[in-house]
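Enquirer: Take the sequences, apply the hints, and build the full model.
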Amino acid sequence: MQVKVLLIRVAALAAIFLILSMLVFPGAASAHNVSKRDASFVESNQGAAIPAFVYLGAKHMVTGYDHIAFLVGVIFFLYRLKDIVQYVSLFTLGHSITLLGGVLGGVHANPYLIDAIIGFSVVYKAFDNMDGFRRFLGFEPNTKVAVLIFGLFHGFGLATKLQELDLSKNGLVTNIVSFNVGVEIGQVLALTAVLIALSVWRTRGSFLRDAFATNAVLMTVGFILVGYQIAGYFAAA
Amino acid sequence: MVEQEDVLQAQAPSKKAIAKATVIALAAALVILFTAVLPAEYGIDPLKTGKLLHLTDLAKATESKVESKPGETRFCG
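Quick note, the sequences are listed as chains D and E, same order. The end of the first sequence is residue 242 by our numbering, with every number in the run present. The end of the second sequence is residue 289 by our numbering, with every number in the run present.
These are computed hints drawn from the structure, not numbers from a lab. Misleading hints may appear alongside valid ones.
Claimed, not checked - Cβ pair distances, simulated, as ranges:
1. D:ARG207 / E:ALA273: 40 to 50 Å
2. E:LEU259 / D:PRO56: 42 to 52 Å
3. D:SER173 / E:SER226: 55 to 65 Å
4. E:SER226 / D:ASN175: 19 to 29 Å
5. E:LYS232 / D:ASN175: 53 to 63 Å
6. D:PRO56 / E:ALA231: 45 to 55 Å
7. D:GLY106 / E:VAL243: 38 to 48 Å
8. E:LYS263 / D:LYS149: 40 to 50 Å
9. E:ALA229 / D:TYR70: 35 to 45 Å
10. D:ILE55 / E:THR261: 44 to 54 Å
11. D:ASP88 / E:SER226: 20 to 30 Å
12. D:TYR84 / E:LYS228: 26 to 36 Å
What the hints assert, rightly or not - Subject to a maximum C-alpha distance of 25 Å in a straight line, what follows is the list of computed BS3-like cross-link-like pairs (lysine-lysine):
13. E:LYS272 / E:LYS260
14. D:LYS149 / E:LYS227
15. E:LYS272 / D:LYS41
Think of the CB as a built atom: it goes at the ideal place given N, C-alpha and C, for glycine as much as any other residue.
Expert: See below:
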């Protein structure tokens with residue numbers, strides 16, 4: 006019981022921090038773009054800057070609505086903490102592999118196409134939540150594998166964006182690991198806020214009644230993200 | 213009883229309901245994309261709604277900024 010009370014307090018604090026941070030950083034309104042100020046900091050930085058990169062990673066995740074939309078889809082029907090930890094760990098494993106490997110290995114990809122796939126991951130998960138796969142295919146593709154694979158793409162997206170900036174070789178590994186740690190912190194913060202909202206909603210009868218419609222809206226968001234990125238790909242070409 | 217049926221329905225939507233919802237989601241996304249997102253983000257304005265709502269001004273503002281600072285990198289994702 007004590008642990009539960011403590012958890013609730015920590016969660017409430019995290020939520021307050023999240024809301025405050027959104028108020029403090031007007032950049033959050035423009036969501037997924039790390040501000041020019043941050044970008045020029047990254048480019049001019051030499052050597053290890055652990056707190057700065059942890060902060061940038063966390064900010065990136067908290068203000069990244071495509072990552073958050075996917076996480077909402079993933080934990081929508083997860084009720085037990087054990088399951089949530091399992092799925093989120095898989096997602097974390099996936100994006101850590103490609104974030105670290107992508108930057109250190111210098112793997113370049115088109116950011117628009119990667120972001121289109123991230124948008125598609127939202128559509129995929131919403132369709133899954135609507136029971137679409139079981140109804141149309143007769144089976145549900147392994148959800149854990151799907152989360153891991155999409156985690157790989159999300160990390161690849163992060164790696165691609167980081168590489169657009171001219172990162173100094175000096176302290177690169179330390180900075181990338183710091184950024185990754187920050188991403189995980191930001192993910193926990195965002196997830197906490199989502200979980201609080203979902204938990205409150207679940208105590209009401211409207212949750213199951215509106216679950217279908219909510220996932221249809223989530224799917225709409227995913228389609229918009231896909232279209233936005235594909236159009237960007239052609240506009241940039 | 214009625215509530216239970218509601219719950220069951222919510223848990224097991226029919227093929228038709230899923231297909232309908234998917235089509236509606238796609239259609240809504242396309243409408244939002246073509247009337248608002250594409251005009252505002254890229255100045256792509258096939259329906260002229262961007263001009264009507266002055267959303268294309270947003271795209272123009274971004275373009276002129278990019279022109280003034282060619283070395284700048286967009287960092288998003």
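Enquirer: Look at each hint and say if it fits the structure.
Expert: Quick rundown of the hints versus the structure:
A C-beta distance of roughly 42 Å is found between ARG207 (chain D) and ALA273 (chain E), which places it inside the suggested range of 40 to 50 Å. Restraint check, LEU259 (chain E) to PRO56 (chain D): a C-beta distance of roughly 47 Å satisfies the suggested window 42 to 52 Å. For SER173 (chain D) and SER226 (chain E), the Cβ-Cβ distance of about 57 Å falls inside the hinted range of 55 to 65 Å, so the restraint holds. At roughly 59 Å, the beta carbons of SER226 (chain E) and ASN175 (chain D) sit outside the given window of 19 to 29 Å.
Our hint of 53 to 63 Å for LYS232 (chain E) and ASN175 (chain D) holds, since their Cβ atoms are close to 56 Å apart. Distance hint for PRO56 (chain D) and ALA231 (chain E): a CB-CB separation of about 50 Å, consistent with the stated range 45 to 55 Å. Evaluation of the 38 to 48 Å hint for GLY106 (chain D) and VAL243 (chain E) yields a pass: the beta carbon distance comes to about 39 Å. At about 47 Å, the CB distance of LYS263 (chain E) to LYS149 (chain D) agrees with the hint of 40 to 50 Å.
Checking the proposed 35 to 45 Å range against ALA229 (chain E) and TYR70 (chain D) shows it is violated: the Cβ atoms sit about 27 Å from each other. Between ILE55 (chain D) and THR261 (chain E) the C-beta distance comes to about 47 Å, which sits within the given range of 44 to 54 Å. Distance hint for ASP88 (chain D) and SER226 (chain E): a CB-CB separation of about 27 Å, consistent with the stated range 20 to 30 Å. Between TYR84 (chain D) and LYS228 (chain E) the beta carbons are some 28 Å apart, a value that agrees with the proposed interval 26 to 36 Å.
Using a Cα cut-off of 25 Å, the hinted pair LYS272 (chain E) and LYS260 (chain E) holds, with the two alpha carbons roughly 15 Å apart. For the proposed pair LYS149 (chain D) and LYS227 (chain E), the alpha carbon gap of about 24 Å is at most 25 Å, so the pair holds. Pair hint LYS272 (chain E) plus LYS41 (chain D) holds up; C-alpha atoms about 18 Å apart against a cutoff of 25 Å.
Checked against the numbered hints above, the structure breaks hints 4 and 9 and satisfies the rest.
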